[in-house]
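Each chain is listed here by its residues.
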Amino acid sequence: MTPDPTLADITAEPGVPKPDPLLVLDGVRRDFGGVRAVDVDHLEVQRGVITGLIGPNGAGKTTLFNLLTGFDRGGTGRWTFDGRDVAGMPAHRLARRGMVRTFQLTRVLSRLTVLENMKLAAVGQRGERLLPALLRPVWGAQEADIERRADDLLDRFLLAAKRDDYAGYLSGGQRRLLEMARALMVDPTLVMLDEPMAGVNPALRQDLLGRITDLRDSGRTVLFVEHDMDVVMSISDWVVCMAQGRVIAEGPPARVAGNPAVIDAYLGSQHGADDEQGSEETTS
Amino acid sequence: MDFLVILADAGRGALGPVAAIYALAAIGLNIHFGYTGLLNFGQVAFMLVGAYGVAVTVAVFGGPLWLGVIVGLVAAVVLAFLLGIPTLRLRADYLAIATIAAGEVLRLVFNSGVARPVTGGVFGLQQFAGAFYAVNPIPSGNYGFGRLTFSQRDLWVMLVGWGAVALATLGVFLLVRSPWGRVLRAVRDDEDAARSLGKNVYGYKMQSLVLGGILGALGGMLLAVDAQAVAPNTFNPVVTFYLYALLILGGAGTVLGPVLGSVLFWFLLLFIDSALRQAIGAGYIPDEVISPADVGAVRFALVGLGLMLLLIFRPAGILGDVEEMRLEAGAGATPRRRRRGRKARPAAGKRTDERVGG
Ligand SMILES: Nc1ncnc2c1ncn2[C@@H]1O[C@H](COP(=O)(O)OP(=O)(O)OP(=O)(O)O)[C@@H](O)[C@H]1O
Ligand SMILES: [Mg+2]
Chain A
1 MTPDPTLADI TAEPGVPKPD PLLVLDGVRR DFGGVRAVDV DHLEVQRGVI TGLIGPNGAG
61 KTTLFNLLTG FDRGGTGRWT FDGRDVAGMP AHRLARRGMV RTFQLTRVLS RLTVLENMKL
121 AAVGQRGERL LPALLRPVWG AQEADIERRA DDLLDRFLLA AKRDDYAGYL SGGQRRLLEM
181 ARALMVDPTL VMLDEPMAGV NPALRQDLLG RITDLRDSGR TVLFVEHDMD VVMSISDWVV
241 CMAQGRVIAE GPPARVAGNP AVIDAYLGSQ HGADDEQGSE ETTS
Chain B
1001 MDFLVILADA GRGALGPVAA IYALAAIGLN IHFGYTGLLN FGQVAFMLVG AYGVAVTVAV
1061 FGGPLWLGVI VGLVAAVVLA FLLGIPTLRL RADYLAIATI AAGEVLRLVF NSGVARPVTG
1121 GVFGLQQFAG AFYAVNPIPS GNYGFGRLTF SQRDLWVMLV GWGAVALATL GVFLLVRSPW
1181 GRVLRAVRDD EDAARSLGKN VYGYKMQSLV LGGILGALGG MLLAVDAQAV APNTFNPVVT
1241 FYLYALLILG GAGTVLGPVL GSVLFWFLLL FIDSALRQAI GAGYIPDEVI SPADVGAVRF
1301 ALVGLGLMLL LIFRPAGILG DVEEMRLEAG AGATPRRRRR GRKARPAAGK RTDERVGG
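As you go down the protein sequences, you meet chains A and B in turn. The first sequence begins at 1 in the numbering used here and counts up by one. The second sequence begins at 1001 in the numbering used here and counts up by one.
Bound-form chain B, shown alone (with noise of 0.2 Å):
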């Protein structure tokens, strides 16, 4: 069993190209959930139309890259009117709905083969990012130190990847500075309190779900350039859990916590995976335990136990602010018992009027 094999599996994923992806359409999903309080389960399919409209649009109408990235945008900002006119003006549950739904009616209509000219059915599509590659400025090799080495091809989907996640994450902390981020923020504690302010909430839900989905579908996009290829099950609803996953390990409502989540996830989630085959291969665990086909699914209920415990310890987050979060929507008005006495609050107790309505 070496040890620095399992770290360099581990470094690779949590400095690689998937990292980077993840991180991508975690931010977006940071400014719907931690920022606005959307509960958007469907960011899949912001990843999937991001995805395919570079994937079809080169591979399938010849067209340039950068024209599909552009269809790409314009697809995830459609999805995200198609999403929001008719939910947001409802209560938080009607878009969780719609996006789940959305996610998994998209998949299959990909999936179909009715539309199989267009998106290559179950086959999906491949090798439509050449021109990509072809601007690659990396001299190629591998780069690294020790075990821990990376092909030029992966450097330069990790630069742009990376590079991507630091502008938006210089766009987040820009915004949640300004005013704008003050009303989403409003929006997230209170919508009628905000509205009776005179802020239109609608417009700001509406803003903030074209934000994150255009962050959603450039991770989409790298997602597709990085495999040379698109499948319509890639885009399993299960992959907006691990987004919820990683943002909120890493602290929903922060700025760098969709960051910090998606590197320790996929650090942690490789680190387990490999640990657990070389403990496997050098015989530590006996093949009727754990055989090396059942690992890819005993990583994930191990990295599970792991979010448990750190919910359990930081229930907001690595970076989150736990006060904050246990002000959350009627959070401050009915402390639980067990918090009574611990921290004195100004005039606890007799709070009678804090509950929603009136």
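Bound conformation, chain A alone (with noise of 0.2 Å):
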């Protein structure tokens, strides 16, 4: 794994300019009655590498990923994607110009199939309007091309067994590959993953590394959240680091694993961290 060369003269620290930055935030807050749980002043996303956001928990980071996507749409400040203001626009209409998420707690259509799922994704379909709907005519070859393609996705996601199953009887981890299987069907600029890794078993992981490194070499930008490190150092070209809601730190991997204030954030919840797998399996 190389590091990005564009990004290797840029100073390693919260907020700094990128040569071509995909996403630009500016004063993006979002409280919860006195929390603020997002706070921040300005951080660029650098369009075509992999970007991975850490912090402990309750950092802020899945909240800043729903006000990004327009999940959320009680939070202020302004950001841009591709160069245009995108505050306040719909979650689905983010979706098409390619800014597309997966879900911390994975959120898999349970009573379509895992082709389906696949397929509901592509967009531009012609046979989602109503009445082109009622002749097959209109939509039936691209709904082939688009099965070709889910398949294919499928395949490199390992679910090809399953592509007639209804999705709610995967497991978690298919789950989670079903997800960003699915993303894909979007042909998304940004993909913006919320802890793809969690509940993924080890061997599967490293297939997941690669399908992440080959997004980013098929030209996609990816900005993803992860609490494992040896994942985050892997593949990540840029590492931020949010705690309380604020960029503390921002860089390189290997700059960022050592920086003072990172440390410090994650010593003061280590505790947390580590008891976060065990409450989440008891909760259900």
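Please note: incorrect hints may appear among the correct ones.
[Said to hold, decoys possible] Per label pair, the in silico range of CB-to-CB distance: (1) His42(A) x Leu1311(B): 51 to 61 Å; (2) Ala1092(B) x Ala160(A): 31 to 41 Å; (3) Arg149(A) x Ala1092(B): 47 to 57 Å; (4) Arg149(A) x Leu1090(B): 30 to 40 Å; (5) Tyr1094(B) x Ala161(A): 50 to 60 Å; (6) Arg73(A) x Asn1233(B): 38 to 48 Å; (7) Arg73(A) x Asp1294(B): 49 to 59 Å.
[To be verified] Negatives, chain B to chain A, calculated, CB over 10 Å: (8) Asn1142; (9) Tyr1143; (10) Ala1166; (11) Leu1174; (12) Ser1178; (13) Gly1283.
[What the hints assert, rightly or not] Examples of chain A residues lying across from chain B (beta carbon under 7 Å, computed): (14) Gly88; (15) Ala91; (16) Ala95; (17) Leu109; (18) Ser110; (19) Leu115; (20) Glu116; (21) Ala121; (22) Gln125; (23) Ala133; (24) Leu134; (25) Tyr166.
Rather than coming from a laboratory, the hints here were simulated on the basis of the structure. Virtual Cβ for every residue (Gly too), placed ideally from N, Cα, C.
Using the hints, build the complex out of the two chains.
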């Protein structure tokens, strides 16, 4: 894994400008009652690289994802995607523009089959409008194309055998795979993954890591949240660390790992981070 | 006690105009509830505006029948927008509250003295469907076999009614197999997931509400034409619940569910009705237990009992897929204890991440 050359000369400090940012955040804040869950003054996400977003539990990573992708409309501030102001844009329009996210708690469509989950995600389907939907000849050919693409991806994500099962029968790890494969059906510019490795076994992890670097190599931008430091360090070109809603450090993986502020933030909440897996499992 | 009479009565119920009317309205409700997951508790409101669209246009304003049909359809679309715009962005329960209220408000307003010049108030309107019967191509007479016969008038309504049911069923069949139907089912399962994949959830819910509402209005029109009369109190909230009952009986979220449900529902209802009356008439049931005046209520109690039994043994309805039903939001995540072990599911147990949120 070679670090991205375009980021080599950039100073590792919060809010530093990048040569070709895809996503630019300015003064993005979100308050829940008295708590400021997200408080980002300035952040740029470089195009075409993998950016890891880390931070202790409750740092505001998921909340930031929700804001950026239009799922949480209660925030303030401005952010641009691909040069356009997209603050306040509804989630579905952002997705169509190429900003696609997955969820920390997976959201497969359980009463659709795995294949249907995939096909649903393709954009620009003629048969998704009411009147053309009645006429199969109008959308049949496109549907066949979409199905081929879906089968390709299912193959790569090791789900081909589950193709015709209800997605609700997938295991936790398989759901993660499906969610990621499904996001790719949208043909996104920016893929935002919220803890894609949670609940995935080590062997599969390696595979998923490969898939994520494939995304970058095919020209997409990846922003992902992850708690597993080995994962973050091994595939990120750039790492951003949040704590208590703020960006406290950013830089190349090695630099961030050694940053005292980061170590501090993690040590301060180390206990919480270790507990997370166990407590989550008992809540359902 | 004549079993043939009972069967004939039940058959008349199963095939007659009323079953077609309920089937039509239930197909609309199936689009809402079965495929999109919209909780519309006021399908009867759509029936009401359809019925009055025809009745008022013809009986009060002297317009032609076809114009009445258009007025009824437009009214249904307007009602769908009025109900949907404020509620479809919110949680499912808001639509439920709005629809149940709208049904009652419309019924009471149409009933009121103020509205009387237009709606006829509590007496309603009559004799507006002459044009419909004037074009009846069926020669007069009685048709059928044995004791199960229909007049040419009934047959004409049935022809149009079941024709409309067939067309609507075909439409639903084509739609739910299309990408459009796939989005609808995705919205039913998890709105946020659909949204994250670029689907305009609000737009699809609105289309569903309008489409199902139009079918409800068509049912209402047919009801008005069949009776040659409308009165507000026909459109009681309970009609919507009959529609739910027969939809669930047949299988919500299946193409033929509402049709089969309606046929069975009316068959059972009239079977029990006729059987009780015969049994009372023949002295099998003493007057003190059930008097003829009670039959109307008792038959519903018995149908209700039947529905409960059905839901115990076939929880997804006759045509529904039980597997699919168990996967309904969250059910896949937390299998109830008695199901555990009966069916080996992949990685059952320590599943933690399907809950909503994130
Ligand atoms: N809807 C909400 N209402 C109130 N508080 C919320 C809400 N959503 C998030 N928070 C709070 O905002 C803070 C940030 O939460 P968030 O889910 O963004 O953390 P995170 O960085 O994703 O953590 P984790 O790594 O555990 O997923 C937490 O303190 C959380 O309790
Ligand atoms: Mg999170």
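To see whether the hints hold, each was checked on the structure:
no., hint, result
1, His42(A) x Leu1311(B): 51 to 61 Å, "58 Å, holds"
2, Ala1092(B) x Ala160(A): 31 to 41 Å, "35 Å, holds"
3, Arg149(A) x Ala1092(B): 47 to 57 Å, "33 Å, violated"
4, Arg149(A) x Leu1090(B): 30 to 40 Å, "35 Å, holds"
5, Tyr1094(B) x Ala161(A): 50 to 60 Å, "41 Å, violated"
6, Arg73(A) x Asn1233(B): 38 to 48 Å, "44 Å, holds"
7, Arg73(A) x Asp1294(B): 49 to 59 Å, "56 Å, holds"
8, Asn1142, "39 Å, holds"
9, Tyr1143, "34 Å, holds"
10, Ala1166, "15 Å, holds"
11, Leu1174, "5 Å, violated"
12, Ser1178, "4 Å, violated"
13, Gly1283, "52 Å, holds"
14, Gly88, "15 Å, violated"
15, Ala91, "4 Å, holds"
16, Ala95, "4 Å, holds"
17, Leu109, "4 Å, holds"
18, Ser110, "4 Å, holds"
19, Leu115, "10 Å, violated"
20, Glu116, "6 Å, holds"
21, Ala121, "4 Å, holds"
22, Gln125, "5 Å, holds"
23, Ala133, "4 Å, holds"
24, Leu134, "5 Å, holds"
25, Tyr166, "6 Å, holds"
The earlier numbered hints that this structure contradicts are 3, 5, 11, 12, 14 and 19.
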